[in-house]
Amino acid sequence: MKLDSIIFDLDGTLWDSTAEVVRSFNKTLSKYSEVKEKLTIDDIKGIMGFTIEDISLKFFPYLNKKKGLEIIKKCCEEECGYLENRGGILYPRVEENLKRLAATHKLFIVSNCQCGYIEAFFKAHGLSKYFIDYENPGRTGLLKGENIKLIIDRNNLKSPIYVGDTKGDLKAARFASIPFIYARYGFGEVKDYDYVVDKFEEVYEIVMS
1 MKLDSIIFDL DGTLWDSTAE VVRSFNKTLS KYSEVKEKLT IDDIKGIMGF TIEDISLKFF
61 PYLNKKKGLE IIKKCCEEEC GYLENRGGIL YPRVEENLKR LAATHKLFIV SNCQCGYIEA
121 FFKAHGLSKY FIDYENPGRT GLLKGENIKL IIDRNNLKSP IYVGDTKGDL KAARFASIPF
181 IYARYGFGEV KDYDYVVDKF EEVYEIVMS
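Each residue of the sequence shown is one higher than the one before, starting from 1 at the first, in our numbering.
Rather than coming from a laboratory, the hints here were simulated on the basis of the structure.
Derived DSS-like pairs: lysine-lysine, alpha-carbon spacing no greater than 25 Å straight-line: (1) K45 to K67; (2) K167 to K45; (3) K167 to K58; (4) K2 to K171; (5) K74 to K45; (6) K58 to K45; (7) K38 to K67; (8) K73 to K123; (9) K99 to K123; (10) K199 to K99; (11) K58 to K74; (12) K106 to K129; (13) K45 to K66; (14) K27 to K38; (15) K158 to K99; (16) K149 to K106; (17) K129 to K149; (18) K158 to K129; (19) K31 to K73; (20) K129 to K99; (21) K171 to K45; (22) K167 to K199; (23) K2 to K199; (24) K31 to K66.
With beta-carbon atoms standing in for the labels, derived distance ranges: (25) N155 to Y62: 37 to 45 Å; (26) K36 to M1: 48 to 56 Å; (27) C115 to K27: 19 to 27 Å.
C-beta: ideal position from N, C-alpha, C; glycine also.
Taking the hints into account, I'd like the entire structure generated from these sequences.
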């Protein structure tokens, strides 16, 4: 396969940060008397890939939209500092294979997250050296597919591929008119894809074939 670049989703593709995110979110939520229940890891897994607005509606349907969004933004703001220090769980052999991939392809990240989240991933695990560029809706206000196209245009990519684990990732890749590798080990269930991997290291096998 002749590719010049690989664009990665983050959550459910490169790492699993759910355990630390739920701790951080619940710490923030404890400051708000109007929040009725603590969140669980399954709650966090269920919103991976969601926009901040959709997360607010899912977690706080009993609050008015403005208040719910205010609370979730505060959760996300405090989450980034927490993750910088605690990190998440990298999927097996991620760094080893990022190093291999970066030797032959340009690497990027496009994730549906707030500003600071991708940077927290980089700082916690020292992986920024493998990536050329990254983007998120917290910085651009754009949908994931639009951010993928932005990365493609900004870096003059000719033959990229997107790796992700959810239907939203598939939709974004289709929007950007690029092939999609489904990371089946992640959080989502996707039935339509161009390629599928059950381990992160299999990405290398696909792009080098």
